Amino acid sequence: MERRMLTVINSNGAITEVDLDKYNKKELRIGRDGSKCDIVIADPIVSKVHGMIHLERSYLMYRDEDSSNGTFWENGGGRKLLSKRDGFVDIFDQTVLRIGNVNNPDEMVLLLYQNSDEREDWKRVSLDGQVVRIGRDPENQIVLRHPGVSKRHCMIIRKDNHTVLHDLRSANGVMVNGRAVSGNVELNDKDIIQILDYKLLYCNTCVYYHTVTSGISLRASHVNKIVGRGRKKKQILNDVSCEIRPNEFVAIIGGSGAGKTTLMNAISGFEQEFTGKVYCNNVDLVAQFQHLKNIIGFVPQQDIIYENLTLKRMLLYTAKLKMPEDTKKQEMEQRIEAVLKMVDLLEHQNTYIRKLSGGQKKRASIAVELLADPKLFFLDEPTSGLDPGTEKNLMETLSRLAKEQNKTIIMVTHTTQNLHLCDKIIFMGPGGRLCFCGNVQEAEAFYGTSNLVDIYNKIAEQPEYWQRKFGQSNQTSTFRNNVTDMHEKPIVSKRKKESALRQFGILAERYGELLWNDKQRLALLLIQPFLIALLLNIVADKNIFDIYESTKSMLFALSCSGIWIGMFDSIQEICKERVILKREYMANLKLPCYMLSKFMLQAVLGLVQSIILTFVFLNLIGKDVKGIFLSDFRLEVLLTMWLTVLASIAMGFIISAMVKSGDKAMAVAPFVLIVQLLFSGILFTLKGIGKKISYCTVSRWSVEALGSISRLNKLDLKMQADFPMLEHEAESFFKATGGHVIKVWLILLAMTIVLVAIGTVLLRNVAKDRR
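Residue numbers for the sequence shown follow the UniProt record's numbering, beginning at 1 and rising by one.
By construction, these hints were calculated from the structure, which means they are not laboratory data.
All figures in this text were calculated on a predicted structure; none of them were measured in a lab.
Mixed in with the good hints there might be a few duds.
[Said to hold, decoys possible] Keeping only pairs whose Cα atoms sit at most 20 Å apart, straight-line, the calculated EDC-like set for lysine to aspartate or glutamate is:
hint : residue 1 : residue 2
1    : K361      : E331
2    : K151      : D19
3    : K234      : E577
4    : K151      : D344
5    : K151      : D326
6    : K25       : D43
7    : K312      : E65
8    : K26       : D38
9    : K312      : D546
10   : K123      : E107
11   : K199      : E186
12   : K151      : D121
13   : K714      : D541
14   : K392      : D423
15   : K590      : E65
16   : K123      : D19
17   : K714      : D546
18   : K159      : D137
19   : K84       : D121
20   : K341      : E325
21   : K329      : E549
22   : K403      : D387
23   : K361      : D344
24   : K26       : E56
25   : K328      : E509
26   : K660      : E325
27   : K355      : E107
28   : K159      : D121
29   : K735      : E513
30   : K22       : D128
31   : K714      : E549
32   : K84       : D38
33   : K80       : E65
34   : K735      : E509
35   : K576      : E509
36   : K361      : E271
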């Protein structure tokens, strides 16, 4: 059962805990005078009657009673000195009140409010004469068993009457008093240290901590979002304020266009373009997102799994990317087994994901996010497309996770059949209006109906009325005087540095396995250059590499074949996994590592394809031609074809990074190929702007290199056999010199590098994707 606990640390550093519900009263006075106060703090810093706590079933407030030393109310990293004229202010989960001189811990009393259903008392470690190490490893003095906690996360050292916290380059950082810290920071008495969702108190040369966390609370305060400009400006979230308590299973529901997904994206921290505030355990979620995101899981509507991997392999790669670098493989496998048990998929761990049912794939996506043990879990329409039985099973799984695994779960849904399994429902109306927040029974009573579908219809007809009525009926609005004038602004935390080489290795290994497991596509990609070589041989003139016209045409066809092969290899590789890419990017995936992992493996594949195409075709032709550098021109042609394929692969990546589906990518491909044909300089004589455009095409440089290697300028015209005096003008395109060929090769290589860089930059737009 949830308890509302107040932890009190007096000016001498003594800690006591007060269960606020044991008094069975709506108003509790706090002060030094035992005859007048319910909660007695025998400390000279505290006034006889210092403040008053007002309790209701679902909320709690505090008012300073014009005390001598005042009360500082801390909210999301900011701080406000209260007086009686401020009235009551909200006290949410993890709210901190400080009494006295906040700059001198010896003259200050700290009050920490927590919603807790855990019975664990504060544990204590003394700093006298020792270093206190904190981390995941059992050898630490304080062990926090969470996948996101580093093996050796940080340490606290007491020396020469100073206490210093050292962040040991941890994966997910440390916060002190709601603010991110880096490196070393000196601790003051009564400082609150936060690692993920663990709270530790430094007090009187001791560190107090809980080894079990009770869940995450979430609070939205006056959240608004406007899109468009001018006449097209539209408000899609309208002054939304709501509170979600720890371990609640919450459904956001409403009609189409009511702002359900927009609200979830805002309160999850993954989309930050809104006004207002969102607090996670009373920490500003947007400002400290980089330190909090490892306790946040987000499952979009589309599955975030690779279908050509087994379930266990998929989870193992995700664990390598998400968990700290010092996590051993055995620890990862233990976590994977635990997660698969949570979602009832343990027996399918070695099954390819493509063979799972729709409901199993949805649970597999949930398992991906559960790996990092997030305490705050978001799901966008997880029941969409599921049959009623599967939907009920999934809802029961989510409800069980919330209660048994201490997770706060928030989901968007359209269905109403199983909402009784939720602790709270949030009804959104057209225009992003909050029209109700409470449980199902309260909703039915508020709207005077036992049918939730009728509520949809009522809200759709009068959204402004129901928004206003809910605001008026919400008891909290009659008391609360929301104080937003904070003296200190939170410091926005920066992204933690990850090992680029390690990420590249993991991504390359995963992509290699994906390519290998898709045997049919891999076979098609390898058969394709063989078939093209056969077709080129069929149409090739017997005088190829002897006659100018036929050789030039065939080299052009060979170049176009290389361009097609390269683009076909890569044009769908990014867009088909865009949803997964966005989720991983928001969790610290480095886009250059992602792009290079794909390009490097595609380069190897392209080399094999180039070898097949080049050697099969040239061997079928059976002509011995002297190269520019070697006695046989085959290796030089091969290198040219490989560079052509590489540049085309990079072009394909750009297209794939720009579009959101494979169909759109393939629709763009013909246009790109036509540009390569028209501006190659082979079909037409180019002048002016056409010539300048040709400098930007792969085909122009590819044919130039092939023509130079084949000594095209020295070949006879077709009619020269009958008219020996007839000569063709040598084209500057085809200089048969080593310097010219190397120059063209370097241009193709430079084009590839530039195209890959452009594709990587374009990938940043994935963060702006909307459903």
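Point to revise | Non-conforming hints, listed in increasing numerical order | key: When the structure is compared with the hints, numbers 1, 2, 3, 4, 6, 7, 9, 10, 12, 15, 18, 19, 20, 21, 22, 26, 27, 28, 29, 30, 34 and 36 turn out to be violated.
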